[in-house]
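Student: Kindly produce the complete structure, drawing on both the sequences and the hints.
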Amino acid sequence: MVTLRMELPYTAMRHRHPMREETGDQVDEMHFTVDHLPGVRRFVAAHARKCGLDEESVGDLVIAVNEIATNGVRHGSPNAELRMWESNGRVYAEVRDQGHWVPSDAGDAPPSSDAEGGMGLWVTRQICSAVHIIAGERGTTVRLEMPLPPRYA
Numbered sequence: 001m002v003t004l005r006m007e008l009p010y011t012a013m014r015h016r017h018p019m020r021e022e023t024g025d026q027v028d029e030m031h032f033t034v035d036h037l038p039g040v041r042r043f044v045a046a047h048a049r050k051c052g053l054d055e056e057s058v059g060d061l062v063i064a065v066n067e068i069a070t071n072g073v074r075h076g077s078p079n080a081e082l083r084m085w086e087s088n089g090r091v092y093a094e095v096r097d098q099g100h101w102v103p104s105d106a107g108d109a110p111p112s113s114d115a116e117g118g119m120g121l122w123v124t125r126q127i128c129s130a131v132h133i134i135a136g137e138r139g140t141t142v143r144l145e146m147p148l149p150p151r152y153a
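Per UniProt numbering, the very first residue in the sequence shown carries number 1; after that it's consecutive.
Simulated from the structure, these hints should not be mistaken for laboratory data. From the three backbone atoms N, C-alpha and C, an ideal C-beta is built for every residue, glycine too.
Taking CB as the label site, the calculated pair distances span: (1) Asp114 to Pro147: 30 to 38 Å; (2) Arg49 to Ser113: 30 to 38 Å; (3) Thr33 to Glu137: 18 to 26 Å; (4) Val34 to Asn88: 30 to 38 Å.
Tutor: Structural data, given as structure tokens:
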């Protein structure tokens, strides 16, 4: 099992440590396919607003989760799961698929301007305060974190 974690946006620093099994009081979840990606975006926006994120942060989180969800159903497996919750002053979004991907340094640096892909994970790392990637026999899990405004923390 490998965990990659970005402590701060705009860095290429990685830390390897176990991802904590942490969920809040209420976990919202949905199962989706590539045809449900618009619904994924609506689901993320609604949950982010419910948690108290401002509209700019809501839009940022929607972009980040959409990139990971799209990767999941296009490159991982046709069916995936999204879970979202709030805990300890942060909002979490977790995408799970049954694909087998061994993370390397993907997304640590922007792709070259002539690359056909590879922008999604890099953009996600710029938006979120932490990105955890777990790849194992049962598939891949990507957990994103974003801090809530101080009044909600």
